[in-house]
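Q: Protein chains in written order, with my numbering: chain A, 627 to 781; chain B, 627 to 781; chain C, 627 to 781.
Hints were generated in silico from the structure; no laboratory data involved. Any given hint might turn out to be false.
Simulated pairs of lysine-lysine, BS3-like, Cα-Cα distance not exceeding 30 Å [to be verified]:
| id | chain 1 | residue 1 | chain 2 | residue 2 |
| --- | --- | --- | --- | --- |
| 1 | B | Lys-723 | C | Lys-674 |
| 2 | B | Lys-665 | B | Lys-776 |
| 3 | A | Lys-634 | A | Lys-776 |
| 4 | A | Lys-725 | A | Lys-762 |
| 5 | B | Lys-776 | A | Lys-725 |
| 6 | A | Lys-762 | C | Lys-766 |
| 7 | B | Lys-723 | C | Lys-665 |
| 8 | B | Lys-634 | C | Lys-665 |
These numbers come from a predicted model, not from an experiment.
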Amino acid sequence: MTNMPIIKDVGITDVTFGQNVTVHRPCNLYGCAIGDNSKIGPFVEIQKTAVIGQNTRVQSHAFICEMVSIGDDCFVGHGVMFVNDTFASGGPAGGDKTKWKPTKIGNRVSIGSNATILPVEICDNVVIGAGAVVTKSIHKPGIYAGNPAKLLRSL
Amino acid sequence: MTNMPIIKDVGITDVTFGQNVTVHRPCNLYGCAIGDNSKIGPFVEIQKTAVIGQNTRVQSHAFICEMVSIGDDCFVGHGVMFVNDTFASGGPAGGDKTKWKPTKIGNRVSIGSNATILPVEICDNVVIGAGAVVTKSIHKPGIYAGNPAKLLRSL
Amino acid sequence: MTNMPIIKDVGITDVTFGQNVTVHRPCNLYGCAIGDNSKIGPFVEIQKTAVIGQNTRVQSHAFICEMVSIGDDCFVGHGVMFVNDTFASGGPAGGDKTKWKPTKIGNRVSIGSNATILPVEICDNVVIGAGAVVTKSIHKPGIYAGNPAKLLRSL
Chain A
627 MTNMPIIKDV GITDVTFGQN VTVHRPCNLY GCAIGDNSKI GPFVEIQKTA VIGQNTRVQS
687 HAFICEMVSI GDDCFVGHGV MFVNDTFASG GPAGGDKTKW KPTKIGNRVS IGSNATILPV
747 EICDNVVIGA GAVVTKSIHK PGIYAGNPAK LLRSL
Chain B
627 MTNMPIIKDV GITDVTFGQN VTVHRPCNLY GCAIGDNSKI GPFVEIQKTA VIGQNTRVQS
687 HAFICEMVSI GDDCFVGHGV MFVNDTFASG GPAGGDKTKW KPTKIGNRVS IGSNATILPV
747 EICDNVVIGA GAVVTKSIHK PGIYAGNPAK LLRSL
Chain C
627 MTNMPIIKDV GITDVTFGQN VTVHRPCNLY GCAIGDNSKI GPFVEIQKTA VIGQNTRVQS
687 HAFICEMVSI GDDCFVGHGV MFVNDTFASG GPAGGDKTKW KPTKIGNRVS IGSNATILPV
747 EICDNVVIGA GAVVTKSIHK PGIYAGNPAK LLRSL
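With the sequences and hints as input, model every part of the structure.
A: So this is what it looks like as structure tokens:
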């Protein structure tokens, strides 16, 4: 015997949009804020409290979670995943958001496709290579790549 | 001159649901089983014969293939991809499923976002770091990360 | 005060299909060409000028960008992301496509799930491991894996 699941459909709910924002559907955007002239690709999810600046492009298949803020003139590549729960106590924090950690991305930060961003701070003028896994905060402009991501060269 | 393609639309077909399961659409679920109180995010595909336990969360953009079983109280992060064909003979097995290999995930296993899971066994009480590539079976509880994934510390 | 975004819906536009192509929706295919007997999974985006050969399978969640050509009898795994802009001058090239670089994939190339492919050439008869990041051209048949991808063994 099987049961009926509870079905929820993606959509655009309680989003604060700046001027001239473009959004490709299907996407799941709720409770977030997206600045002027930014673009959101298809198959993207952006959760509540996330903030996206101006002139920033979020490419297809990206996932931006709660407690992430991204600055102006940024590029979030295809399939980039942000993380707010580091499983610090050996598993998901679940509903206990006091265990979640924020991420703050500066301006003119370009994140290559399929990169993964743990809860960190990244300063202005940084390039993250495609496929990189960023596990530590970045305070110096430059190009970072690898798993875990390391400085390749300064900018 | 161009031809018309054969179009197929995603959906929910022949799925055995436990009680109180939540599913976000669009998703592509067919021929699988999903246990009580589990949650499936949007943009997810779960193929036939896959089994998901109880109280397990499958996050957005995940892909769970044939021959994968996942236990109870697990977390499958955003963009996690499972693999059943290792291209062992230098390319895809194609229709020859005797060349595919199963994956068995225990209980209380948390898999970080963008991780990739080759056909392996993972025991109970394991954390897989975000962006990790798991190429070998894991028989000891702990935190594993990197490409290929290695033990970071025991739990 | 919030504004109305510009909404665009994914679809299939200006695509040249060979015979007997199968496409799973939702997907976003535009201005590309897809050869005979190829299959495109759900949640896939393929951009203009991309060319896919015959008998090639593009799995769910893959992204194939402008300036990518893929041969016959290839396998593009789930969540594989191609890249045409290496941020060579420290950030996205934006509209300046003279800074983009092409990717050319031969025949019988199998790319594992969650792999990332920078702008490179890959010769015939190559296997790319799941989760690999391919940063350099590959001119010799074999199995390549890791971040960055290196030769594991010849074929």
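Q: Hint by hint, note whether the structure agrees.
A: Hints, verified against the model:
Pair hint B/Lys-723 plus C/Lys-674 does not hold up; C-alpha atoms about 35 Å apart against a cutoff of 30 Å. A C-alpha spacing of about 29 Å is found between B/Lys-665 and B/Lys-776, which places the hinted pair at or below 30 Å, so the restraint holds. In summary, the hint linking A/Lys-634 to A/Lys-776 is not supported, as the alpha carbons are separated by about 40 Å, beyond the 30 Å threshold. About 17 Å separates the Cα atoms of A/Lys-725 and A/Lys-762, which keeps this hinted pair within 30 Å; it holds.
Annotation: proposed proximity of B/Lys-776 to A/Lys-725 holds, straight-line Cα distance about 25 Å (limit 30 Å). Annotation: proposed proximity of A/Lys-762 to C/Lys-766 is violated, straight-line Cα distance about 36 Å (limit 30 Å). Between B/Lys-723 and C/Lys-665, the direct Cα distance comes to roughly 19 Å. Compliance with the 30 Å bound is thereby established for this hinted pair. At roughly 11 Å between alpha-carbon atoms, B/Lys-634 and C/Lys-665 fall within 30 Å of each other, so this suggested pair holds.
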